[in-house]
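For reference, the chains in residue letters:
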Amino acid sequence: MRPVVELSGVDKVFSNGTTAVRGLNLAVQAGEFVSLLGPSGCGKSTVLRMIAGLGGITRGTIGWPQASHDATGQPLPQLGFVFQEPTLMPWATVFDNVYLPLRLKGVSRRDAGPVITGVLAQVGLSGFEKSYPRALSGGMKMRVSIARALATSPSLLLMDEPFAALDEITRLKLNNDVLDVWAERALTVIFVTHSVYESVYLSNRIVVMAAPPGRVVADIRIDAPYPRDEAFRTSALYNDYCRTVSAALADAMSAPPLAA
Amino acid sequence: MSAAERPEDREERLNRIFRVLRFVLPLAIGAVLLFAWEYVVRAKDIPPYILPGPVLIWKTLINDWTSLYPSLVNTLRLTVSALAVAIVGGVVLAVLFAQSKLIELSLFPYAVILQVTPIVAVAPLILIYVDDTSIALLVCAWIVAFFPILSNTTLGLNSADHNLVNLFQLYGATRWQTLRFLRLPAAMPYFLGGLRIAGGLALIGAVVAEFAAGAGGTASGLAYRILEAGYRLNIPRMFAALILISLAGIVIFAFFTLVTHLALRRWHESAMKREN
Ligand SMILES: Nc1ncnc2c1ncn2[C@@H]1O[C@H](COP(=O)(O)OP(=O)(O)O)[C@@H](O)[C@H]1O
Ligand SMILES: [Mg+2]
Chain A
1 MRPVVELSGV DKVFSNGTTA VRGLNLAVQA GEFVSLLGPS GCGKSTVLRM
51 IAGLGGITRG TIGWPQASHD ATGQPLPQLG FVFQEPTLMP WATVFDNVYL
101 PLRLKGVSRR DAGPVITGVL AQVGLSGFEK SYPRALSGGM KMRVSIARAL
151 ATSPSLLLMD EPFAALDEIT RLKLNNDVLD VWAERALTVI FVTHSVYESV
201 YLSNRIVVMA APPGRVVADI RIDAPYPRDE AFRTSALYND YCRTVSAALA
251 DAMSAPPLAA
Chain B
1 MSAAERPEDR EERLNRIFRV LRFVLPLAIG AVLLFAWEYV VRAKDIPPYI
51 LPGPVLIWKT LINDWTSLYP SLVNTLRLTV SALAVAIVGG VVLAVLFAQS
101 KLIELSLFPY AVILQVTPIV AVAPLILIYV DDTSIALLVC AWIVAFFPIL
151 SNTTLGLNSA DHNLVNLFQL YGATRWQTLR FLRLPAAMPY FLGGLRIAGG
201 LALIGAVVAE FAAGAGGTAS GLAYRILEAG YRLNIPRMFA ALILISLAGI
251 VIFAFFTLVT HLALRRWHES AMKREN
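If you read the sequences in order, they're chains A and B.
With our numbering applied, the first sequence corresponds to residues 1 to 260, in that order.
With our numbering applied, the second sequence corresponds to residues 1 to 276, in that order.
Among these hints, one or two may not hold up.
[Said to hold, decoys possible] Away from chain A, derived, C-beta distances all over 12 Å, residues of chain B:
(1) D9
(2) E12
(3) R13
(4) K59
(5) S67
(6) Q99
(7) L105
(8) V130
(9) D131
(10) S134
(11) L164
(12) L167
(13) M188
(14) N234
(15) I235
(16) L242
[What the hints assert, rightly or not] Facing chain B, from chain A, some residues (calculated, C-beta under 7 Å):
(17) L54
(18) F81
(19) F83
(20) T87
(21) P90
(22) W91
(23) L104
(24) Y132
(25) R134
(26) A135
(27) G138
None of these hints come from the bench; they were simulated from the model.
Glycine included, C-beta positions come from ideal geometry on N, C-alpha and C.
Use the sequences and the hints to build the structure in full.
Here it is, written out as structure tokens:
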């Protein structure tokens with residue numbers, strides 16, 4: 001099957017000379033829940049941003065074999081992006097924050113209404129349409145951010161350490177909710193994290209990265225059935241996978257830097 | 001024996017007391033000072049052309065109201081027009097700066113030069129070169145008021161959250177959409193901060209320009225009343241005009257403080273009601 005997105009031989013060199021990513025190959029299949037796992041600074045965010053078309057790439061190609069194309073032949077991937085911070089507009093209500101991507105695409109407020117009601121219900125925020133971000137907890141803000149990413153009905157959802165700043169209990173809850181959304185909408189998810197446990201719980205595939213420069217050092221399939229729940233979290237299978245992935249991550253961290 | 005006060009009740013009670021004190025304390029100090037002033041003037045028999053007492057100044061204000069009031073209106077009209085032009089000019093220029101680094105690089109130094117040159121020194125020249133005195137006065141007041149709006153709005157337009165800028169880019173937002181839905185709202189608190197300063201500066205600019213213009217010009221403002229009263233050694237009237245200028249400044253500041261609060265109270269930290 002053709003992948004949703006395919007990175008081949010991708011390099012990213014920032015203008016200050018930092019090589020953030022070198023020779024990266026990664027093909028993500030439709031319906032996969034892929035975690036990018038690696039230590040801080042190994043280029044995970046850079047990879048995600050390049051996939052989203054933010055900041056450009058220095059060498060290599062990013063292909064969208066399944067995407068429709070616009071008049072000029074540019075691929076039109078349907079993307080949603082969730083940042084580490086909720087990144088909401090503080091002056092706008094929850095409704096207007098979620099409406100933003102649709103408004104930018106020229107959808108009228110009235111047409112957007114049912115869609116927004118739907119995504120807010122899906123993230124458990126029905127009834128908060130008129131609230132301002134300031135009045136919400138950290139977890140609720142993150143839910144708004146996820147609802148906004150879902151508003152355009154993307155097929156690929158990119159998430160950059162979305163729950164790293166949340167408390168453990170909220171994070172576990174949101175992990176389950178993301179899995180629900182992924183299953184219900186038949187999404188493809190690329191999820192950046194530095195937590196072994198989170199990546200094993202969520203993903204059916206973990207891509208381990210190392211630096212410098214940022215590169216893929218392991219690609220591990222997690223063959224555990226969905227839906228996953230607390231029983232999975234305490235199972236021997238989960239523990240085995242955590243051990244395997246931890247070992248891969250430890251290898252990655254002790255890997256010698258690549259010569260220039 | 002009364003029940004022990006709960007900490008939150010105690011805090012609430014203190015808050016209430018402070019709310020009252022905020023008004024009572026300055027008023028009390030003002031009253032004491034005025035009283036002492038009047039007392040000294042009377043006890044030492046100081047003549048009004050040296051130092052008039054508050055009572056005499058108040059009487060002058062009432063008696064001369066027919067000539068002071070039109071001057072107050074003139075000065076306020078000048079202040080408001082200068083501020084209006086400063087708002088339009090400052091915001092438009094700030095938006096241009098935000099759209100094009102090239103424009104910002106070429107024009108910003110001149111905005112700074114306008115700002116740092118003392119208006120008292122430039123006003124006489126402007127009065128010479130601009131034929132219409134009322135326009136010359138407007139230009140002077142505008143120069144003083146315009147910079148805080150320009151610099152604050154420019155800062156605000158560039159202070160939009162970097163990730164939000166990325167998000168707009170991701171969804172293919174046009175420049176206009178990014179300006180309308182992201183940069184302008186993000187700049188709002190900065191703009192309003194600039195506006196509060198500019199309001200006071202517009203008044204200062206107006207008064208300075210009127211001083212520089214002296215008796216010239218058909219419409220004479222409060223500064224002219226002060227000059228005129230000075231020539232005639234009518235000190236109570238100088239004080240009366242001065243008080244009107246101060247009051248105008250206070251009202252302008254209070255007005256924009258209220259506007260800021262109303263515009264930002266729903267979302268901005270500076271205007272939120274704190275409950276903890
Ligand atoms: N805008 C930038 N300019 C220069 N260097 C950058 C920039 N963004 C990231 N980097 C560098 O690229 C490397 C990878 O960063 P990043 O992708 O943010 O890592 P991660 O998300 O895995 O923590 C780091 O060394 C970082 O310092
Ligand atoms: Mg990162």
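Problem set entry | Hints breached by this structure | 11, 12, 13, 26 and 27
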